[in-house]
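Colleague: Chain residues, written in single-letter form:
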Amino acid sequence: MGAAAPSPDEIFGQGIQAAGDKDWDKALSLMEQALAADPNNLRYGSEYRQAVVSRAIALHRKEGTPQDFERSLNYFEKLVKDNPNAENAWLNYGFAYVDKIPAAGSITQVILANTALTQFSKSIALKPTWIALYTRGNSYLYWPRIFGRAGLGVADLEKAFAMQKAEPKKSYHVRVYTSLGDGYWKTDNIEKAQAVWNEGLKQFPDNQGLKDRLSKQGDDLGAYIDNALDPNKRVDTNLKELWTSR
Amino acid sequence: MSQFRQRQWGLVGLIAGPIALLAWNGVVAQIRYAEIGAQAGLNAVHHTRRFSGPHGDVLRMFTSGGASAAVGDYDNDGLDDIFVTDSDAGKPNHLYHNDGHMKFTDVAARAGVAGGNDAKSIVSDAIWFDYDNDGRQDLLVARFGTPILYHNEGHGKFRDVTAGSGFNKFGNTIAAIAFDYDNDGLLDVMFGNYFKPENLFDLKTFFVLPNDLDNAVNGGGVTLWKNLGGGRFVETTEKAGFGKHTGWTLDLGHGDFDNDGWQDVYLACDYGTDRIFFNNHDGTFRDATEKAIGFDTKKGMNVDVADYDNDGWLDIYVTNITDEYMKECNMLWHNNRDGTFTDVSKETGTCSTLWGWAAKFGDFDNDGWQDLFVVNGLRSAGKENYIPVVVNLITKPGVDFSDIRNWPDIGNMTWSGYQKKKMFRNQAGQDFREISAEAGVDNDKDGRGIAMGDFDNDGLLDFVQTNADQPALFYHAVTTGAGNWVQFRLTGTKSNRDAIGARIRLTAGGLTQIREIDGGNGYAGQSMRRAHFGIGKAQKAEAVEIRWPSGQVEKLGSVTANSVNHVVEGKGLVP
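These protein sequences, in sequence, are chains A and B.
Mapping the first sequence onto this note's numbering, position 139 (from 1) lands on 163, and the numbers just tick up by one.
Mapping the second sequence onto this note's numbering, position 98 (from 1) lands on 107, and the numbers just tick up by one.
In short, the hints are calculated from the structure, not lab data.
Every value quoted in this text rests on a predicted model; they were computed, and no experiment measured them.
The beta-carbon is built from N, C-alpha and C at its ideal position, and this holds for glycine as well.
A portion of the hints provided could be inaccurate.
Derived list of chain A stretches under chain B, where covered just means 3 residues or more per stretch with a C-beta under 8 Å from a C-beta of chain B [what the hints assert, rightly or not]:
| # | segment |
| --- | --- |
| 1 | 124 to 135 |
| 2 | 159 to 171 |
| 3 | 252 to 264 |
Whenever a hint applies, use it, and build me the whole structure from the sequences.
Modeller: Right, here's the structure in full:
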């Protein structure tokens, strides 16, 4: 009787080890194997994407090249095709587009951001989870005001807000306080913005982002939020806080 | 970024606040401009070309860049004249003769240079250059079509000599420069071409627009033409190493970027990467883009070249699009002195000028540090905005951007319109402070070109700002408290007579500056050939050295302040 085949967790662990050793091809292959065996595993997908980002930055200048992200996009495309009901695979597929944005030109960034929204929407249609609603809602806020998408973002973030109020407090809940306030600000509702930031600060009194927002007004606040929502900056799409939060 | 640069920028953060309040080189100037186009008789209205047919509106939008101005003293009377282009069918170009006292008369028709906007051609740019070294400025008119070369016959008359010149190749040209790339004493010509060479008036294919909006490779590239003498030019694009460039070139700039005495070239490209080529000294160039600046995805619009920090190495300024919906940032390429450049636009405060077009360096307050003027704005029209319409196109899955049928008409919509122009004061080479409103240049026209000159010879730099579908603006410098200055008019003998490519190194008041004579740097504009130096409170330039394109280096004695000096190669200062 031969040795038992390694479990997805074991394969994934080997992938993490290889990524730590900067053996990128091995790392990505192992993580893809793990994901194929457990396509809806949010953590596998997230760590896989982080390895792709780390590889791109390690091998190329600045944020990598657009080509650096083709492998993960192709992989997720196939993964959701093979597993159309895996809401977390769709979510990670959308994040893979977001990961590519800083490496792309300004027009391509628009295309990538829009395509990411499409994948997030498919995830929400399958299962409207807190993370999916927060993610899509926050993504809408990166669009300039002229496109009128901030209102859509507020709608998603209000749903995520209601969800988290019904749950035990988690460290990542501060994100919705921040983003929902930003959404209110972006839809010219400054009083509601300050109210939700204040409420968030009561829950998370050490949060610097909330303190900064509440300490600023007018153009200073606008510049601060514009800077926070600068599409040229890499968005941290690492989801590990979801499983490490207490 | 080199350790040197990191150290320097570290210091900026410490001193930027208080230093903004100080005067440079003893100069406490109030930079001010008065717009005097109407009084001066220089207020030509530009008209973009109107196309017939179902895609005419889109073609008009994509060809709306042809408002340009070129400064040159065509009659050698010591006063710079101005050629201003128009673009719509049948509309005349303008040759504004400088009558003195800031009065101008349009003599284009009499001179024989008003034409060019025929049914098959759109005038887009123009440059003055003395191609036959006869001492008179000739005129090259670039077009979406074939160019027109006018020989200056003297007595205010020009003769169309295109037929015998060799300039017979069709191109959708948007920019032209004249420079002597092989240092043979004859000025050569490079054309920057936007579209590939398709006749836009008789489309044989619908796929004429950029195939990618960040990395397009289906543009017109450039063509290089070697001056053979005798009024004849021959194309050397492939031989010189430019044949592989197929980008959407919007502007060209030349300069000796590596201080080897040979002219190098920077190409600003829309919809994709700019390119930099270094001169191999044998009639060929090498594409050094990857190492020197890296590949970008921006919408390059302008190339101007100057040593903004007076370190003896030429830097490059490129405008891009930085607007509410697109945050590209301009590029101020600081020369690292090793064949590479570092973009310091953010650190210097020159990153955002909205939808940028032309930009020109010049010492506007004569403090010894070159300031910067940038024009911007694409289309100021009705309240409806074209951007959401474009984004619907862009985000449509599988759309082919190159297919003109996919682009919606713009109609009366505005696209990055009503933008305030940007003037920046150079703060001792460390950074720049925006002074547009206080300088009186924060107009909101749809700017395209800048042509700079000292049209009244008062030692202050004036401007023409061309605008698409709007009147040109003529800014007369009325700055108070400006520093002293010196200007040099160079005449080559072994070198090309215009001395394009000559470098002047001047020391005054403890500050050493360089200028290079250029043949049309800056989008849609050619500025005065004379080299202008501000020298602050200094009463003279203590040392002046000229490196001619021939390689000869000539040292002059001291030069008194506030003077225009004529230098002939090999003869030094002449009366």
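Colleague: Confirm or reject each hint.
Modeller: Right, here's what the structure says about each hint:
1. 124 to 135: Holds: 7 residues of the segment 124 to 135 of chain A have a Cβ under 8 Å from chain B.
2. 159 to 171: holds (count 4)
3. 252 to 264: holds (count 3)
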